[in-house]
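**Q** Sequence:
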Amino acid sequence: MIETDIIIIGAGPTGLFAVFEAGLLKLKCHIIDGLPQPGGQLTELYPKKPIFDIPGYPTVGAAELIDNLMEQIKQFQPGFTLNEVAESIEKQEDGTFIVTTNKGTKHHGKAVAIAGGLGSFEPRKPELENLAYYEDKGVEYFVKKPEMFAGKHIVIAGGGDSALDWSIYLADVAEKVYLVHRRNEFRGALDSVEKVQALKDQGKIHLITPAEIVELKGTTRLDAVVVECDGERHDVPCDYFIPLFGLTPKLGPIADWGLEIEKNAIKVNNALDYQTNIPGIYAIGDINTYPGKLKLILCGFHEATLMCQSVYNMLNPGKKYVLKYTTVSGINGFDGTRKEAEKAVVKSIE
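Under this note's numbering, think of the first position of the sequence shown as 1, with each following residue one higher.
Just so you know, these hints were derived from the structure itself, not from any lab. Fair warning: this is a prediction, and the values are worked out from it, not measured in the lab. Every residue, glycine too, gets a C-beta built ideally from N, C-alpha and C. Among the hints, a few may not be true.
[Claimed, not checked] Below, a list of computed lysine-lysine pairs in the PhoX-like style, where the Cα atoms sit at most 25 Å apart:
1. Lys110 to Lys320
2. Lys48 to Lys110
3. Lys110 to Lys319
4. Lys91 to Lys110
5. Lys106 to Lys319
6. Lys48 to Lys295
7. Lys319 to Lys125
8. Lys195 to Lys295
[As the list claims (entries may be wrong)] Cβ pair distances, simulated, as ranges:
9. Ala255 to Glu147: 25 to 31 Å
10. Ile261 to Lys152: 24 to 30 Å
11. Leu315 to Lys152: 34 to 40 Å
12. Thr100 to Gly160: 19 to 25 Å
13. Pro36 to Leu298: 25 to 31 Å
The whole structure should be built from the sequences, with the hints applied where relevant.
**A** So, in structure tokens, the structure goes:
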């Protein structure tokens, strides 16, 4: 039996940052994740994807962000159960929880934080004849190794952030990038739309809108897509077709835990601490839902912070915790006074 204060289900950025916030409160964490390494979607699906909305980073690679988070939490020595799926959760008479994985590993904790991102997921695939035949023969749903597209002709389809971001990124990698979208308007961030337009003007992205991919061509592998635009069809020779229409989320075993579910997400009380309908179980990050929810990493960090504060108060009833800025209190046991912080700064300079 693995003992800890908070069992965190999900080793994505939100789950990892929760370890840091818990550590500031002297709370121990153990993370469970079905993937063989930490990082969630960022590591598994698009490790090279640039992320633009992390405070203090004009841009940061997905894998780099995970590496930084792992370095940040190393001092708190969290435990990890990787390559195992949290399968069941049982609330004990004393209010604690036992979470058991599909491999029988049991974890005992005083609180549970579900940070499973979109849960298990699969790409939304376009309805094209012979699509499955061309998978791994020119059709790719994720960009894990951008270098494989160097010097190639790429067709990207989609109108969201992923399609825009990868078009921008691969414009400096591939020989030619086509971006096909069924509308003239895009759903992604305005800044990304403006960058795509600028790259179009520079001849680095070939924008085809409103249009759709209606057919795939090739013998042993993909060598062209058929684009329908303004009622006419024409072939676009290419080495790779990357349809980026989002992911279809599946909660998996979580759906059977007695939690209140709405549109494949876990409902939480965002007015206080992101607790679910079961006291002691929280949901943070993309897996939760509440009025005004935004699926941003930044929002997951905020939710993780409030969740940890709630767990601390639950485990220490009547004990007042005075929140201090880490620039004053530090993270290594300073007493929180300005004098101690100044001593630490002087010592680091010496």
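**Q** Is Lys91 close enough to Lys110, meaning Cα to Cα at most 25 Å?
**A** Satisfied, since the Cα-Cα distance of roughly 10 Å is no more than 25 Å.
**Q** Looking only at beta-carbon atoms, does the pair Ile261, Lys152 fall within the given range of 24 to 30 Å?
**A** violated (42 Å)
**Q** Regarding the pair Lys110 and Lys319, is the alpha-carbon distance no greater than 25 Å?
**A** holds (17 Å)
**Q** Could you grab the alpha-carbon distance between Lys106 and Lys319 and see if it respects the 25 Å cut-off?
**A** violated (30 Å)
**Q** Quick one: are Ala255 and Glu147 within 25 to 31 Å, going by C-beta?
**A** violated (38 Å)
**Q** Below or equal to 25 Å on CA atoms is what counts here, so check Lys195 against Lys295.
**A** holds (22 Å)
**Q** Holds or violated: Lys48 and Lys295, Cα atoms, limit 25 Å.
**A** holds (20 Å)
**Q** Using the Cβ atoms, figure out if Thr100 sits within 19 to 25 Å of Gly160.
**A** violated (37 Å)
**Q** Straight-line Cα separation of Lys48 and Lys110 no greater than 25 Å?
**A** violated (36 Å)
**Q** Assuming the hint says 34 to 40 Å, is it satisfied by the Cβ distance from Leu315 to Lys152 or not?
**A** violated (54 Å)
**Q** Checking one constraint from the list: CA of Lys110 to CA of Lys320, max 25 Å. Satisfied?
**A** Judged against 25 Å, a Cα distance of about 19 Å means the pair holds.
**Q** Should the hint that Pro36 and Leu298 are 25 to 31 Å apart at their CB atoms be regarded as holding?
**A** Because 27 Å falls inside the window, the suggested range holds.
Consistency note: the structure conflicts with the earlier hints numbered 2, 5, 7, 9, 10, 11 and 12.
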